[in-house]
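Each chain is listed here by its residues.
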Amino acid sequence: MRNSFNNIDIKLEEFEALIKLAAEMAKLLYPFIRQILQSRDDLIRNPNAWNEFKNRYIELISERFNTNSMKVKRLLDPNSNDEVFNKIILTLALCVSEDGYLKLRTTLLNY
Amino acid sequence: MLQNKFLFNQSSVSLEIIGLPDYSNNENKDYISIISQWKLIIIDKPVIEGNLDHLKSIMKAFYSYSVSLLNDENAIYKSNLIDIIPENFYTHTLLLKSSKPEVKPLIIRIGNSVLSDIINCFDQLGSSNNVKNIYQKEFTSLKNKNYLNLLDKKNISNFLLPPLISLFSIFVVSTAFIYVYEGIDNNDNRSLLKTKNKLISIQSTDKLL
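Residue numbers (the numbering used here), protein chains in the order written: chain A, 246 to 356; chain B, 202 to 410.
Hints should not be assumed to be uniformly reliable.
Partial pick of chain A residues on the chain B-facing surface, computed with a CB cut under 8 Å [to be verified]:
(1) 279
(2) 282
(3) 285
(4) 313
(5) 317
(6) 318
(7) 324
(8) 333
(9) 338
(10) 339
(11) 343
(12) 352
Away from chain A, derived, C-beta distances all over 10 Å, residues of chain B [to be verified]:
(13) 265
(14) 294
(15) 298
(16) 313
(17) 316
(18) 318
(19) 327
(20) 359
(21) 361
(22) 367
(23) 396
(24) 400
(25) 405
Calculated directly from the structure, the hints in this document are not laboratory data. Just so it is clear, CB atoms sit at the ideal spot from N, CA and C, and this is done for glycine as well.
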């Protein structure tokens, strides 16, 4: 899916390190993550945070992912990507505890 | 006797734990190992409270529900005390049933932000050094879930089928080559084989002598 020619598989240590990094960042950014979730819960009255997040995420996907791929096209489809983006944000929001990286790891391995 | 009280806060939710230390185990006076009461306070919603068994079942309900929600499973959770039903991806309905027969069930609708706050309060309680850890089982079973997946029939077949197919194909190809192979019947080769056999027989007679 990525717009890259690097086909080297990620090592287990690198995978673990990335998960820890993501969980630690989620801890720091929890107020913003919660604000985005709250905005999606009440989209009619408070759509700003969700729309900003969604637009930026779509921008990043368009920049870095292979937009010819069907999976990426589905991600960019505005009619169906809300659920996927919401799930990503909710996963991060549920992984901000001390053992958050274990939760994130389990979720990703079960994905 | 004075009871200890600890509060775990996360944005719009706070969890209050009231209880006592177990003095028979010489525990610290600031510790709680016997939970007598708890309260889950959500802003703009009724207070949820109960005893230790209620807390355990509510924690189990929220953890199971959140895991099945993230794993795209059927996220409905039903038990004697609490039902959690998703209305859509963004709203969840809690149906809290009282253990007292005359009390009507309480319905509370929450969004994903409140759901994550509640789970984070429970996580804080689980990792707190001041309260006895009452709920580890669910999380350890979550960690083991991945290993259990390896035992699934589907995974076993996915794991074993490719090497078996490759071995079988090698066997089929090699047997086909055996039938295609024609022995070289040149006279030179025959004479070579004869001299080789003679040499072997001479060596064996030498050994016998």
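Hint by hint, here is what the structure shows:
no. : hint : result
1   : 279  : holds, 5 Å
2   : 282  : holds, 4 Å
3   : 285  : holds, 6 Å
4   : 313  : violated, 26 Å
5   : 317  : violated, 19 Å
6   : 318  : violated, 20 Å
7   : 324  : violated, 14 Å
8   : 333  : violated, 10 Å
9   : 338  : holds, 4 Å
10  : 339  : holds, 5 Å
11  : 343  : holds, 4 Å
12  : 352  : holds, 5 Å
13  : 265  : holds, 13 Å
14  : 294  : holds, 13 Å
15  : 298  : holds, 25 Å
16  : 313  : violated, 5 Å
17  : 316  : violated, 8 Å
18  : 318  : violated, 7 Å
19  : 327  : violated, 8 Å
20  : 359  : holds, 16 Å
21  : 361  : holds, 21 Å
22  : 367  : holds, 21 Å
23  : 396  : holds, 56 Å
24  : 400  : holds, 55 Å
25  : 405  : holds, 57 Å
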